[in-house]
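Participant: Go by the hints and put chain B onto chain A.
If you're matching them up, the sequences are chains A and B in order.
If you count the first sequence from 1, position 389 lands on 389 in this note's numbering, and the numbers rise without skipping.
If you count the second sequence from 1, position 419 lands on 1419 in this note's numbering, and the numbers rise without skipping.
I should point out that these hints are in silico values taken from the structure, not numbers from a laboratory.
Keep in mind that this is a model prediction, so the values were computed, not measured.
Some hints here could point you the wrong way.
Straight line, CA to CA, 20 angstroms or less: simulated SDA-like cross-link-like pairs of lysine to any residue [what the hints assert, rightly or not]:
(1) B:K1331 to A:T63
(2) A:K227 to A:N209
(3) A:K73 to B:F1332
(4) B:K1334 to A:T63
(5) B:K1073 to A:T333
(6) A:K73 to B:L1340
(7) A:K182 to A:L571
(8) B:K1073 to B:G1509
(9) B:K1419 to B:F1500
(10) A:K73 to A:Y89
(11) A:K331 to B:L1060
(12) B:K1073 to A:C337
(13) A:K334 to B:T1063
(14) A:K182 to A:S565
(15) B:K1227 to B:V1425
(16) B:K1073 to B:N1253
(17) B:K1334 to B:L1597
(18) A:K331 to B:H1074
Here are a few chain B residues that sit away from chain A, every Cβ distance over 10 angstroms (derived from the structure) [unchecked claim]:
(19) I1096
(20) R1098
(21) G1213
(22) H1256
(23) I1427
(24) L1436
(25) P1444
(26) L1445
(27) N1450
(28) R1454
(29) T1511
(30) Y1564
Here are some chain B residues the structure puts well away from chain A; computed CB gaps all over 12 angstroms [said to hold, decoys possible]:
(31) D1260
(32) F1422
(33) L1592
Every residue, glycine too, gets a C-beta built ideally from N, C-alpha and C.
Number of protein chains: 2
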Amino acid sequence: MAGPLRRRLPPLPLLLLAAAGLRAAERSGGSSSAMEELATEKEAEESHRQDSVSLLTFILLLTLTILTIWLFKHRRVRFLHETGLAMIYGLIVGVILRYGTPSTSGHDKPFSCSQEDRPFTTLLVNVSGKFFEYTLKGEISPGKIHNVEQNDMLRKVTFDPEVFFNILLPPIIFHAGYSLKKRHFFRNLGSILAYAFLGTAVSCFIIGNLMYGVVKLMKLVGQLSDKFYYTDCLLFGAIISATDPVTVLAIFNELHADVDLYALLFGESVLNDAVAIVLSSSIVAYQPTGENTHAFDAAAFFKSVGVFLGIFSGSFMMGAVTGVVTALVTKFTKLHCFPLLETALFFLMSWSTFLLAEACGFTGVVAVLFCGITQAHYTYNNLSVESRSRTKQLFEVLHFLAENFIFSYMGLALFTFQKHIFSPVFIIGAFVAIFLGRAAHIYPLSFLLNLGRRHKISWSFQHMMMFSGLRGAMAFALAIRDTATYSHQMMFSTTLLIVFFTVWIVGGGTTPMLSWLNIRVGVDPDQDPPPTNDSFQVLQGDGQDSARRNRTKQESAWLFRLWYSFDHNYLKPILTHSGPPLTTTLPSWCGLIARCLTSPQVYDNQEQLREEDSDFILNDGDLTVTYGDTTITANGSSGPHTATTNLDSRRTKSSSEEALERDLGAADHEVTSRGTRLVFPLEYNA
Amino acid sequence: MAGPLRRRLPPLPLLLLAAAGLRAAERSGGSSSAMEELATEKEAEESHRQDSVSLLTFILLLTLTILTIWLFKHRRVRFLHETGLAMIYGLIVGVILRYGTPSTSGHDKPFSCSQEDRPFTTLLVNVSGKFFEYTLKGEISPGKIHNVEQNDMLRKVTFDPEVFFNILLPPIIFHAGYSLKKRHFFRNLGSILAYAFLGTAVSCFIIGNLMYGVVKLMKLVGQLSDKFYYTDCLLFGAIISATDPVTVLAIFNELHADVDLYALLFGESVLNDAVAIVLSSSIVAYQPTGENTHAFDAAAFFKSVGVFLGIFSGSFMMGAVTGVVTALVTKFTKLHCFPLLETALFFLMSWSTFLLAEACGFTGVVAVLFCGITQAHYTYNNLSVESRSRTKQLFEVLHFLAENFIFSYMGLALFTFQKHIFSPVFIIGAFVAIFLGRAAHIYPLSFLLNLGRRHKISWSFQHMMMFSGLRGAMAFALAIRDTATYSHQMMFSTTLLIVFFTVWIVGGGTTPMLSWLNIRVGVDPDQDPPPTNDSFQVLQGDGQDSARRNRTKQESAWLFRLWYSFDHNYLKPILTHSGPPLTTTLPSWCGLIARCLTSPQVYDNQEQLREEDSDFILNDGDLTVTYGDTTITANGSSGPHTATTNLDSRRTKSSSEEALERDLGAADHEVTSRGTRLVFPLEYNA
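Just chain A, with the same shape it has in the complex (with noise of 0.2 angstroms):
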């Protein structure tokens, strides 16, 4: 990734190192100095007490985010989601803050001292013949000389946004990879590739060049104070296109809405996330040079494409990369004996997808976003049933955590960041704009996708998908990276209220959205109640499925039928400890590599695998069966029940489990739902 983006990218260590900042002068040892120490002493108690109210601040609001939340979710209040709600809570504070706390100026005031050069990272000032080491935090611009020292809290609170980009962010998508319902995704796929490349490069574009009449617009009327080049509309039009998961999703989820749906949906926002961080990077690096600034340039454009497919060819790669060695170490390591060194080695590699994309230049967010999915897909059969869960857990509460803190701190940043430029077309504009953009992606290209998809994309799914298309964390994260420009401080300002509006109006109208289309709810397969035991032993060699299944093959593009076989023939024995044994998929005189590639367990599971191996290359069955034969442990967490590692325990399971599985299963955890469906495959009779 290049461009000016770039020099703003993760100072990770810095993070720790810069800890520093707080310590003030070291202790001298002298008497002399004692008064004086003193006071720089008192400074510093003082502002590090600041430090640890101003976070206090944040967990309160959290704390109470979380209370109000289970309280919503109790009393069954669906008008207002919980991100919303962080929200308003975040914004009551900032309110606060901003008018209610005094400015505490004067202890601190800023020391000028001239220097022709350009500014170097560090500057050693020498007081009363002692040396003090500083350190450069940013440029200033004049205006603001007067604002630094203006309100330490209000300073305080405002964080950088590179944690953002670089702490918050990670943990959101990785989970978002990492918990993808796999086989609706991929049964959606093309469609959803569709959806995200194609919609939002079309919607960045529509929305860059509406926001660019607009600015036209803006100039002409005299409210424009300051350049506002082509490339920032697009940049605009690339930030704004970053739909979000989060709310409408949780929606759908707990009303069981059309699995469909929710796979298009789901798969749309998570890779156009991924999309308009790359697009934005490649705007940024397609910058204007001269001065003619926004005429087109077909080979600058030309240059952009390839920066884009670059990157994001390169951060797949990554991802991909660290997911399959993550993959082949558990498999060919005894590391699930050991959980907890299981895990923690799942979540540093994980880590160091981000890291390692990032220090070869690529996006760490979209790397880690493919990392998710290839250790759910790879790894995930390999770990043991306790880390399993725990791995899922773990993320499952780190992205909570930073995606209510992500919300609460947009509630806070509407009164607490002091860079504000609200201009009031500009924002009708946006509005009209991320509408307009939305249809002219939605419906053209649902028209073009129902030409070759057997299960249309009804317009009821279509209008539900224009409706869902809400702004939230990414927008915002990719808004806040640069506001040191006008027109940059104008587009945030406006994202935030885009988000604001998107979150609240999106987040309480989905229920009555969804009733009004009369999209089908409460009816996920995976929640459905399992029918008994017998009926799944009648119905395994079944005319009904066979027809099924047909079915379900015909509507798989060869593409992908072809991937399916690749990954089920050589990807999953190779990589975990599933799938049929490498000796029978592998030509002969590759016997003995294959010998030493396929786990001993292949061969127990041969038997069960022949038998359904049909099953296998339609709707990613491999995955589930894998799933199916620890469906109880996989809810039993921490229970030793490594030894059903076979699928024949599934059936001759006594009632009594079978049971308690339906028990656990309804709790929810798709994992073990997911199971659950391909041990009964009734649903589709449904």
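Facilitator: Quick look at chain B alone, frame taken from chain A:
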């Protein structure tokens, strides 16, 4: 907590804020400064890449450590413990970084400018008309100025000491409190408190005085090149008196060594960390103000003692209060229906303890320890089954990562820390002093304690405790906290060597030592196979059983019996869903309040409770009952078994469930084991 240490305390939000540190000059927008901007941009990009690489180094180090730990555990290698291993890997990487990387100075020349006043925390520098903000990083001793920019990579892998105190230690300490094996801990509470408080104070005093002798000797020989005060020696005594629970206890756990010895060692090392922190801060508060720095000043001494007591009790209260608040919140809301919310709340409340204590001027780490104990004692009972396992697992992972990070960092620091002062005389003196200091507190204290104890602390236990006094993370964190002066640098280098030596020798020698001292191994009652269901019912009101009770009763001191009955009759019913109803324990005139505060579940349990009431006051049985009734579910984690809150259920358990439970119990989970243990109180006869 007062004194100069104060000002070095946690700039936590700064950690986040300071991410800005890398943000070089903001985009200026014009085209005139394009070249200059490009240069800054490239630099920032390079610096960011280095940041990523240095963090990657640590992650790969940890990954390598995890894989090797697995190999060691797999092969049952015990001569080197995982923490020792992490240090060795750290050492190797440190050597590579030190001697393998070129010194990349040059582009980062420090700029000197004079200022006559004391240093400001913020500095504005005017560079050709643009303003840049700088923040104070700390003082640099004049001799070290040329070192500042010497090696970027070395500087990048050198974390700020506060990271250890504010990010890495809290999860470790909280986990220690949260996973305390309460029964054995409370049975030995008197001895543990004596070792922790008296023992640490004695050890600190003896080591401090011996070291003062060594320093005098060094001055005579001419080996001392700068000041070394008496208070510095005492501080060294406090730092080095913090014994580490990690290594020995991990081995004890693995070998199932004697539980009472385990409880003594664990309790001592956990509490003595807290004592050492507070002790070192109060020694710093008792600072030389005039020139007669090593004269004994009674007023200052009592001030120090007052500070010690104030900080300790304040931190204790802070931790207990947030624990109690969390317990009340989780009791009076139905948060347990939403385990994710509950876990998040639990996590946030526990973290806020740390911040609250820091904001009030107490010691966050100590507060977090007592918060952990309170959370485990009260809040844990109110949590949903899923949250119980989730919180345990979450903190276990955090603890594991933080601990291994610290130990590999210690290895790294031996070569990358640039201010080492190794003095052979001081080092040898220190080894002798810690040996004598430990001997002087273990043997006399044990003798005194044995006068009052029924279960005497045997000679072999005393030798084992003497041997197990290894120094670890806490000593390191305390020593690295202030390395500004000559004496502190020498103390830091010596501490590092002592940690290395004790971790390697003691870690490797524990197993031989246990067998040499004939200490029982493999007898952890927590892991005893439970007897069959029948024997349990027969034993219920048995004579043998009540004999056991009387014996245990006599063991507890009256103070603890008082506390137990207060805890059982009032605190437990108020804070949790267990214990007898308040309507029966409170006087009748509090009837209304009692009815409000008692949870409805208690009445369901009452019948059951009355039967076993005599069991409660002894050996923390009340707690165990509450665990006992959810034994399966505590294992089955995610299952919705909350309906099983009636104790009677365990009587009607089918034998298949019984078998399941036994399986699960064997998998570890001390909580479960505790439950299993009370349910079958046979162990005492074994």
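Participant: All hints are to be evaluated individually against the structure, with a verdict given for each.
Facilitator: Hint check:
1. B:K1331 to A:T63: 15 angstroms, holds
2. A:K227 to A:N209: Status holds; Cα separation ~16 angstroms.
3. A:K73 to B:F1332: 16 angstroms, holds
4. B:K1334 to A:T63: With Cα atoms ~15 angstroms apart, K1334 (chain B) and T63 (chain A) stay inside 20 angstroms; holds.
5. B:K1073 to A:T333: This hinted pair holds, its Cα atoms lying about 12 angstroms apart.
6. A:K73 to B:L1340: 12 angstroms, holds
7. A:K182 to A:L571: Judged against 20 angstroms, a Cα distance of about 16 angstroms means the pair holds.
8. B:K1073 to B:G1509: Given that 20 angstroms is the threshold and the Cα spacing comes to 16 angstroms, the pair holds.
9. B:K1419 to B:F1500: 18 angstroms, holds
10. A:K73 to A:Y89: 17 angstroms, holds
11. A:K331 to B:L1060: 19 angstroms, holds
12. B:K1073 to A:C337: 10 angstroms, holds
13. A:K334 to B:T1063: Status holds; Cα separation ~15 angstroms.
14. A:K182 to A:S565: 16 angstroms, holds
15. B:K1227 to B:V1425: 16 angstroms, holds
16. B:K1073 to B:N1253: Since the Cα atoms of K1073 (chain B) and N1253 (chain B) sit roughly 13 angstroms apart, the hinted pair holds (cutoff 20 angstroms).
17. B:K1334 to B:L1597: 15 angstroms, holds
18. A:K331 to B:H1074: Holds - the C-alpha atoms of H1074 (chain B) and K331 (chain A) are around 15 angstroms apart, at most 20 angstroms.
19. I1096: 17 angstroms, holds
20. R1098: Correct as stated: the minimum Cβ-Cβ distance to chain A is 18 angstroms, above 10 angstroms.
21. G1213: 22 angstroms, holds
22. H1256: 17 angstroms, holds
23. I1427: With a cut-off of 10 angstroms, I1427 (chain B) remains clear of chain A, as the shortest Cβ separation is near 23 angstroms.
24. L1436: Answer for L1436 (chain B): holds, closest chain A Cβ roughly 29 angstroms.
25. P1444: Per Cβ check, P1444 (chain B) is outside 10 angstroms of chain A; nearest 36 angstroms; holds.
26. L1445: Nearest chain A Cβ is 35 angstroms from L1445 (chain B), so the label holds.
27. N1450: 37 angstroms, holds
28. R1454: 36 angstroms, holds
29. T1511: Per Cβ check, T1511 (chain B) is outside 10 angstroms of chain A; nearest 19 angstroms; holds.
30. Y1564: Given that every Cβ of chain A is farther than 10 angstroms from that of Y1564 (chain B), nearest at about 30 angstroms, it holds.
31. D1260: 26 angstroms, holds
32. F1422: 21 angstroms, holds
33. L1592: 25 angstroms, holds
Hint compliance for this structure: every hint is met.
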